[in-house]
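Turn these sequences into a full structure, and let the hints guide you.
There are 2 protein chains.
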Amino acid sequence: MFSDENISLSSWIKQRGSEDDIILSSRIRLARNLKELPFPGQSNRKQMDQVVSIIKNVLLEKKIEVAGQSYKFNYIEIKKKTPLQRMMFVEKNLSSLDFAQDGYGKTLFFDQSEELSIMVNEEDHLRIQVLLPGLGIKRAWVIADAIDDLVESKTEYAFSKKWGYLSACPTNLGTGLRASVMVHIPALNLSSNMTRLFEVVGKLGLTVRGIYGEGSESAGNIYQISNQITLGKKEEDIIENLESVIRHVIKQEKNAREKLYKNRPVFIKDKIMRAYGKLKYAYSISTNEAMELLSYVKLGSEMDIIKEKEISPLLLKRLFIIIRPAHLQSLIGEKIDNSARDLKRAELIQTEINRKGGQI
Amino acid sequence: MFSDENISLSSWIKQRGSEDDIILSSRIRLARNLKELPFPGQSNRKQMDQVVSIIKNVLLEKKIEVAGQSYKFNYIEIKKKTPLQRMMFVEKNLSSLDFAQDGYGKTLFFDQSEELSIMVNEEDHLRIQVLLPGLGIKRAWVIADAIDDLVESKTEYAFSKKWGYLSACPTNLGTGLRASVMVHIPALNLSSNMTRLFEVVGKLGLTVRGIYGEGSESAGNIYQISNQITLGKKEEDIIENLESVIRHVIKQEKNAREKLYKNRPVFIKDKIMRAYGKLKYAYSISTNEAMELLSYVKLGSEMDIIKEKEISPLLLKRLFIIIRPAHLQSLIGEKIDNSARDLKRAELIQTEINRKGGQI
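Here the protein sequences come in this chain order: C and E. Counting in my numbering, the final residue of the first sequence is number 360, and the numbers go up one at a time with none missing. Counting in my numbering, the final residue of the second sequence is number 360, and the numbers go up one at a time with none missing.
Certain hints may be false.
Treat identical chains as interchangeable: a pair holds within one or across any two.
Calculated lysine to aspartate or glutamate pairs in the DMTMM-like style (CA-CA distance at most 25 Å, straight line) [said to hold, decoys possible]:
(1) Lys154 to Glu65
(2) Lys344 to Glu258
(3) Lys335 to Asp98
(4) Lys203 to Glu235
(5) Lys262 to Glu347
(6) Lys251 to Glu292
(7) Lys335 to Glu289
(8) Lys262 to Asp337
Treat the hints as calculated values from the structure; they're not laboratory data. Computed from a predicted structure; not experimentally measured.
Here it is, written out as structure tokens:
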């Protein structure tokens, strides 16, 4: 009925990680440009091809050793992919929304685990990305730093002593580093401390975004917290700052969960159990509602309110991704419209939840 | 956990009946007063005792043969019962709300199946009642007529050639007959044809009431349809008229179900399946919400949208009654407050639904 062959999930989705009751993933992104070539926005086709060619030479030759791990790379040209295939890269956070639009030269390199990837000819020549499950931001930095060194050893980056790494957009000047962590904070959201949290996070030089990054909406109580400032700070300090704020958020979310359980036990148990009942029985369900219900089921499972063993953390993380439109559409195979997809989404969730002793 | 010993359900709840996908029960009530005794509202205690004594003589002597069936009667004095016990009689439609209030002389006679009962010293001396499952209004009339004859053979009714049977309230003058049928019409309610239906029913001399009769609210898409006029018509005509309207309502409800299935399949399947999911998983649930969810589950079961075999028609009818406050409170045993009762209600429903191969 649903064909798993049409989708491939990244290791950040398929593997557990540290603090993964609250932290879904950690991501490092480095914006880099090659010296003596104009930024992609000003490049002609030949120049864009040149960037792709340089990266092919670095990554495709053999197995790459980075930070003690070996990676084998593959690549795809965005323009050769269907909109559906491109959206799947967005849904698993391997591609930005912009990068997934049709356009010459855009090429996505990624290793088999999809832990390490490079968007070539996005806004910058290179967007090096490392994506790990749970709270792994330091490890992600180590990997990103190593692949960055590897690329730099084979070519020359646009770099200024005064400004650091140059980038198409001034907000990325300096380190070119965006470190971000995807947090799942339903209890904080329910306790309506979000505005206050956003303020505090803002004062600490961080920003809160939706699930697909800048300009995207939050869904299922999931937010991306990342550094705002890339200039004038050392990478290690940016990461240290982010991690310490994230540890604070984890603590706050855990407190909020305890308080909910203590002060409003009926409210929270009822909310969670009804979410579970709806997920198991709804006949039609939108992406946003599914994200929200999955969020409460995850919370319920972690608070030991839902006892069923088959609702494993990995099944939930998988569901958080595969119920999104492009993944769902790929699992279905044939093209169907939005409202028909809502029925299939309900069916998929029920199939996955009821599949006992499955591989998840 | 829940003690069945504290409740006793009437046969109209425990047995199936004709057209019982839409018709829950049929009821005949006859208002009768004894000659040469003032109406209960004007009676002193001695006079009230006298009425009780007359009925005891008629009903308690031995097994009573009525319309080819034998009945064994029991009685309770309302003032000796707790408010909880009285409310249970209301919830299973054996007592009016008024009759369940504390007051001298009020005595409820009922046979073991609770199919036949007499409220003594309600507004009138006697309120003879017959309550049958499904559409059984004609049979109920035969039984009521026979017990009426039996009582009349042992005493003398207040009767006027001009007005017929006299009653405390002029609306009951004449035949003293109220014939009513409890209908479950969720599809009509969803298609919002209710106002129109009420109008039509009104023009035909009938009236629509809530689940506990006059002045009570509807719940779970359940309504009582009964004759308005008691004077100037033959009993058989009143019943014939009611039954033909009810058959019309049944047809309308069936049409509405077919139309829903044909024109709004996603809406109705989703509504039903979510109702089922909530019933199976909610942690807290009010009487009114439970009635509404049960209504959709009954609809879903009858429309073959819910396939589970354990949701039998009789389990649903049982649940419609035992989730009501007094029955639930009795099943729990110890006294608890409203909000604690909402948790127990959710638990009770889940226990009953999950009890496979049970006695229902």
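Comparing the hints with the structure gives:
1. Lys154 to Glu65: within (15 Å within a copy, 106 Å between copies)
2. Lys344 to Glu258: Close across copies (24 Å), not inside one copy (36 Å); limit 25 Å.
3. Lys335 to Asp98: within (24 Å within a copy, 62 Å between copies)
4. Lys203 to Glu235: within (19 Å within a copy, 82 Å between copies)
5. Lys262 to Glu347: Between copies only: 21 Å across chains, 35 Å inside a chain, cut-off 25 Å.
6. Lys251 to Glu292: Only inside one copy: Lys251 and Glu292 sit 22 Å apart there, 41 Å across copies, limit 25 Å.
7. Lys335 to Glu289: Within. Shortest intra-copy distance 22 Å satisfies the 25 Å Cα cut-off; inter-copy 39 Å does not.
8. Lys262 to Asp337: For Lys262 and Asp337, the Cα distance is within 25 Å only across copies (19 Å; inside one copy 44 Å).
Checked against the numbered hints given earlier, the structure satisfies every one of them.
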